[in-house]
Amino acid sequence: MAAPTHAAGLRRAMGLRTAVSTSTGLAFAALQYLAAASLVAYVAGDSAWISLGVAGLLALLAWGFFGELNGMFPTAAAIRRYMSRAMDDRVALTVTFTYLTTIVMVIAADAFIVGAALTHVLHESGVLTAVWTLVLLGLAVLSNLRGVKVAGSVQDLATTVVLTATLVVSVVALAKSGTPLHTPLQPFHHRTGADFVESVALGVFLYSAFEWVTTNAEEVRRPEHIHRAMFIAVCILFVVSAVMTTAMSHVLDRGQLSSAFPQLYLGQRAFGGFGLWLMAGITAVTALNTFNGGFITASRFVYATAREGSLPPVLARLNDRAVPWVPVVGLGVTSFVVAVVIEVAGGAGWEVLVAVGAALEALIYAVAAFCVLRLRSRLPDHHRPFRVRLAGPAAVVGLVVFGLLALVAAVSVSNRFNPLPLVIIAVMAGISAVFVVRYVPRYRAAEEARRAAGPKRRPPRNRPDATATPPADETADDPPGARSGHPVP
Amino acid sequence: MADADEITEAYADWQARCNANSRLATMLRGWDRVVHLTCSDTGDRFTIAVEDSVLAELRQGAVGDPDLVVTATSEDFADLFWGDLNPSEKYLSGEIVLAGSADDVMRLDAMSMVVFLDG
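Chains W and F, in that order, are what the protein sequence lines are.
Quick note: the first sequence, position 272, residue 276 per my numbering, numbers continuous.
Quick note: the second sequence, position 61, residue 490 per my numbering, numbers continuous.
No wet-lab data here; the hints were simulated from the structure.
All values reported here derive from a predicted model rather than from experimental measurement.
Built from N, CA and C at the ideal position, the CB exists for glycine as well.
One should not assume that every hint holds.
To be verified - Footprint (simulated), chain F over chain W, 3 or more residues, beta carbon under 8 angstroms:
no., stretch
1, 71-80
2, 311-318
Said to hold, decoys possible - Estimated spans, in silico, between C-beta atoms of each pair:
no., chain 1, residue 1, chain 2, residue 2, range
3, F, Ala491, W, Glu452, 34 to 42 angstroms
4, F, Asp442, W, Ser381, 43 to 51 angstroms
5, W, Cys239, F, Gly472, 36 to 44 angstroms
6, F, Thr455, W, Val404, 49 to 57 angstroms
7, F, Ala449, W, Asp92, 40 to 48 angstroms
8, W, Ser157, F, Ala485, 28 to 36 angstroms
Take these sequences, add in the hints, and give me the full structure.
Encoded structure:
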């Protein structure tokens with residue numbers, strides 16, 4: 005069994021503050037503003053914060069799952085490792101590839117939202133949104149290709165500025181409204197229970213990506229930082245999102261809520277013209293975190309999978325700055341195409357996108373619950389620095405609740421039945437499954453053949469004998485496919 | 430198990446390949462790092478330093494504050510330096526354990542890939 009490792013003695017270890025800002029910053033994308041505004045449609049008056057509270061409690065349930073799984077596998081490749089041990093390798097890869105598409109969607113949505121916000125404040129034609137989107141994604145791709153990474157201190161500052169400004173603008177807008185809140189404690193007023201469930205499903209999306217910080221598990225100063233950071237991030241996200249959603253529902257009209265930049269109107273209500281520009285700037289800063297985290301997470305994952313032999317070797321090609329340039333460019337191009345589709349589709353475009361993201365996020369939480377449940381029986385003796393209390397019942401509840409929320413989110417757009425998100429997810433999952441079943445075995449076979457074709461360079465006298473010590477992570481509880489020498493994710 | 434001499438011999442071959450690779454020299458520009466290697470089976474520890482795109486000699490023991498710590502079996506270290514092992518595969522399966530930033534991990538893997546796959 006691999007000894008738990010952490011970066012305590014490293015020269016550049018990540019502290020708790022940066023881990024919190026990473027977790028919060030990744031979750032608080034520009035799409036957050038649109039999702040918050042969309043949420044208002046499902047509940048009565050100014051009671052959307054209750055849906056967010058329930059969603060926050062569910063996010064804490066997911067936090068427990070990710071905490072246990074990340075504790076077991078404190079590595080950037082954790083998702084591959086725990087999924088491959090909990091389920092069939094092909095299913096694990098299919099789920100992972102499908103989940104990765106959320107990164108593309110969030111990047112695309114953020115680029116579009118920032119582009120739309122800039123177009124609005126500059127009083128330009130809406131057509132120029134695509135140009136701004138192209139410029140933003142182009143800059144993101146170029147900076148990634150040059151190996152530019154936002155320093156931890158800059159990320160701390162950016163996240164703090166975004167959250168503080170959003171909170172202040174929301175509070176000031178509420179204070180300036182001069183009217184009391186409408187039914188702040190009655191979410192069911194003239195609404196149904198189904199509406200509330202849909203609002204909770206959407207609310208879960210406002211916490212999405214807080215768990216991406218687990219990919220930093222190898223660089224935190226203390227292993228428990230990741231676990232604590234995710235908890236603190238969920239709490240911060242609840243406070244900021246609840247206040248922002250309440251302010252939006254209270255001071256914005258229906259047209260403003262359904263626009264691509266409700267946060268600009270919120271800023272305007274708080275501080276007039278200055279507030280408009282302030283929130284445009286804040287929206288742009290949110291994209292900094294999204295682009296930084298999204299591009300690095302997705303491109304490095306694709307690189308590692310290609311290096312392992314499960315994707316075409318071209319995806320592992322590096323430029324002179326050791327950046328996997330093909331995944332970075334591919335991510336940029338795909339995000340731009342999605343952003344253009346969003347723009348062409350108008351308001352319905354990002355509403356569908358939010359629904360797809362909400363459904364996929366709930367789905368991955370359900371998968372995490374399943375992995376906790378399955379690994380408790382498959383790897384009962386594996387080191388678990390953090391254990392979910394009442395893991396069995398909690399995982400079953402998580403599996404059922406998140407599964408249902410995923411289904412609800414997948415067939416609901418703007419408080420109306422619409423199966424388009426479900427169709428999109430099904431198509432993405434289908435493509436992933438076909439790719440995994442048909443093409444991944446070919447890539448793996450080609451990689452095996454390539455390795456077999458070349459002679460071993462290590463002198464024969466030094467080859468290991470039959471009594472060699474097993475690898476560090478091989479344990480009796482590992483499934484056969486996880487043994488060394490096999491391309492196991 | 431590979432003893433310290435075997436790992437030193439394997440590293441010397443890898444070091445020569447890395448330092449002779451002009452593309453890698455470009456790739457490592459500005460990447461001055463200290464890497465500690467820990468053998469999980471023998472307990473042996475080694476230190477690698479990269480300075481001005483050049484890999485220094487392998488040093489016995491953990492010297493200085495590291496930027497990156499790599500933990501693996503002695504066999505895996507020997508195979509890795511000879512180019513007989515895909516470090517990404519071992520990493521994804523949990524047999525190579527790392528502590529350090531993702532960017533540093535990436536560079537280390539890039540070194541292995543460039544010298545053995547790019548020629």
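Now the hints, each set against the structure:
Coverage of the stretch 71-80 of chain W by chain F holds. Counting CB-CB distances below 8 angstroms, 3 residues qualify, and the rule asks for three or more. With a cut-off of 8 angstroms between beta carbons, the stretch 311-318 of chain W has 3 residues touching chain F; three or more are needed, and the interface restraint holds. The given range of 34 to 42 angstroms is respected by Ala491/F and Glu452/W, whose C-beta atoms sit roughly 36 angstroms from each other. Distance hint check: the CB atoms of Asp442/F and Ser381/W are about 45 angstroms apart, consistent with the given range 43 to 51 angstroms.
Roughly 42 angstroms separates the CB atoms of Cys239/W and Gly472/F, a value that falls within the hinted 36 to 44 angstroms. The hinted window of 49 to 57 angstroms between Thr455/F and Val404/W holds, with their beta carbons roughly 54 angstroms apart. As the Cβ distance of Ala449/F to Asp92/W is approximately 44 angstroms, the hint placing it in 40 to 48 angstroms holds. For the pair Ser157/W and Ala485/F, the supplied restraint of 28 to 36 angstroms holds, since their beta-carbon distance comes to about 30 angstroms.
Violated hints are absent here; each numbered hint is respected by the structure.
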